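Position chain B relative to chain A; hints supplied.
So the protein lines, in turn, are chains A and B.
Position one of the first sequence corresponds to residue 1 (full-length UniProt numbering), numbered consecutively onward.
Position one of the second sequence corresponds to residue 1 (full-length UniProt numbering), numbered consecutively onward.
Derived by calculation from the structure, the hints in this document are not laboratory data.
All figures in this text were calculated on a predicted structure; none of them were measured in a lab.
For each residue, glycine too, the CB sits at the ideal point set by N, CA and C.
Hints should not be assumed to be uniformly reliable.
Unchecked claim - Now the stretches of chain B that chain A is said to cover, found in silico as 3 or more residues with beta-carbon under 8 Å: (1) 10 to 24; (2) 34 to 41; (3) 166 to 179.
2 protein chains.
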Amino acid sequence: MTVLVFLDPAHPDGRIADAGVPALLATDQGVTRGDGIFETLLAVNGAPRKVQAHLGRLAASAQSLSLDVPGEEAWLRAIATAVGAFASASPPAPDEDGNTNVVVKLIATRGPEGAGSPTSWVQATAVPPALAEQRAHGLAVILLDRGYDSTVAQRAPWLLLGAKTLSYAVNMAALRHAHAQGADDVIFTSSDGHVLEGPTSSVLLAHLKDDGGAPVKRLITPSLDSGILPGTTQGALFTAAKAAGWELGYGPLVPADLLDADAVWLVSSIRLLAPVNSIDGTEIGTAEVRARLTAELSALLAQTH
Amino acid sequence: MTVLVFLDPAHPDGRIADAGVPALLATDQGVTRGDGIFETLLAVNGAPRKVQAHLGRLAASAQSLSLDVPGEEAWLRAIATAVGAFASASPPAPDEDGNTNVVVKLIATRGPEGAGSPTSWVQATAVPPALAEQRAHGLAVILLDRGYDSTVAQRAPWLLLGAKTLSYAVNMAALRHAHAQGADDVIFTSSDGHVLEGPTSSVLLAHLKDDGGAPVKRLITPSLDSGILPGTTQGALFTAAKAAGWELGYGPLVPADLLDADAVWLVSSIRLLAPVNSIDGTEIGTAEVRARLTAELSALLAQTH
Chain A
1 MTVLVFLDPA HPDGRIADAG VPALLATDQG VTRGDGIFET LLAVNGAPRK
51 VQAHLGRLAA SAQSLSLDVP GEEAWLRAIA TAVGAFASAS PPAPDEDGNT
101 NVVVKLIATR GPEGAGSPTS WVQATAVPPA LAEQRAHGLA VILLDRGYDS
151 TVAQRAPWLL LGAKTLSYAV NMAALRHAHA QGADDVIFTS SDGHVLEGPT
201 SSVLLAHLKD DGGAPVKRLI TPSLDSGILP GTTQGALFTA AKAAGWELGY
251 GPLVPADLLD ADAVWLVSSI RLLAPVNSID GTEIGTAEVR ARLTAELSAL
301 LAQTH
Chain B
1 MTVLVFLDPA HPDGRIADAG VPALLATDQG VTRGDGIFET LLAVNGAPRK
51 VQAHLGRLAA SAQSLSLDVP GEEAWLRAIA TAVGAFASAS PPAPDEDGNT
101 NVVVKLIATR GPEGAGSPTS WVQATAVPPA LAEQRAHGLA VILLDRGYDS
151 TVAQRAPWLL LGAKTLSYAV NMAALRHAHA QGADDVIFTS SDGHVLEGPT
201 SSVLLAHLKD DGGAPVKRLI TPSLDSGILP GTTQGALFTA AKAAGWELGY
251 GPLVPADLLD ADAVWLVSSI RLLAPVNSID GTEIGTAEVR ARLTAELSAL
301 LAQTH
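Pulled out of the complex, with its shape left as it was, chain A reads as follows (with noise of 0.2 Å):
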């Protein structure tokens, strides 16, 4: 079941379009270009989480591209309409804690050839069975070389590092690159080293220090400056952490950290938290630690909003 939803300046509240229909112009150049944004966010109980980082990141990414996309308001409009015609029509079965989850995608193309207006539209869809697998069972992940070094995000603009393009056929060739291994994802390192991100996730680390004196639990992630998405869910699990007590570093960082971390996660908005078992066949931390870890702040994560 997918809820479609266009923004259209007729429909205040969005177009409700029929997902089995096309309802694109072959002539779109998000199509013939990979020209044009996404964001993915989940909605619980009907409610879009962390929606000002979404639409945030959506205006910083339509700026990278030049791309002029619909205001705010279109998008809650659309947003809730999608939520509210995916609750009707095939509404979600709770989850372990009793909350309805819906995927609502936001997608903007540069539009036709010619046309000079973005195509514009939000998607809403049920939670793949298999990311509450990724939760409960984590993940054999492999390193990757994205090619890029480390610097040039900032001196090479229109690479559009910084931004979430539709162009991802290279994250999705990494994947499959990943699972012709065995692995079930990836970690991309760049040139020069440092650990980047997953191909749709962030990447974050935990460490556990207890040397006699105060215990401290330090939970760190690559900083933003190597080139990589800006992560909504790392944003709002860090806040929540720090408050909780938790020490927050920002790297850089190289795999070795990876290695010697007593726990790793790919965390998105719609994974949220998957614990990394291995990396490259080597065990991070321990079972037990990494499932008790995984469950604190999982439960830091749910009270964001």
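For chain B alone, kept in the frame of chain A given last:
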């Protein structure tokens, strides 16, 4: 005027679709992930040029992306249908040589999420008038860092550097960056300083040598192992130039080689040979030599198929 012909097992010659009516599902991974491939070729007097080279490169791109696309016969029939329908609907005016030209684009995406079958179509359109301008008047070009080093393509196949994918957002952003600086186009360089290619073209350069012995004319292009797309126009022109007495050379090339050249061109199947007047503000050769060599090589290219 755009003619669309979808490859469809129920229609051996392809299924003509109205380009003004939505033809793609909004869940097609061509748009949601830029996950697909394309080729652009020229049909002259109804005959697609270098069609085997384009179909061969399409097949190679499909293999890089593990994409199961229709076979050559289906593409050839759909191309013939599209070119024929375009000629009937909107007969192109003959060019300066009395030929009629049609732009033919082949696109294959991974298809709608969950469907497991690609979406494939052929698009026929008129040649943009700007391209004849570019051939006649030449281009102001800037060099931009592509971010990748010249060896990464070999060791990181998931970066899809030799594949012509739909994920062209960076190519489009680089062109916008050039236009914002008052330039017409871009030549990408690798992070280790090698000349690569344009966002939608191959790079060629000519060196003339006349040291008292027999004059030598040398045509040079960056080597493929630097992670560039194999140019079908470059390939056809090299064959024709060799037969006409030119020496051929293959990079590695550095920007100084471009600035030292007697002429530099951006070449592609639709644009053909567009001379580069200047790179980062430095004139390449002289207007007289650029014009003479452009005429000579364009005549050779016109004889290829």
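Hint check results:
{"no.": "1", "hint": "10 to 24", "in the structure": "holds (count 7)"}
{"no.": "2", "hint": "34 to 41", "in the structure": "holds (count 4)"}
{"no.": "3", "hint": "166 to 179", "in the structure": "holds (count 11)"}
Checked against the numbered hints given earlier, this structure breaks none of them.
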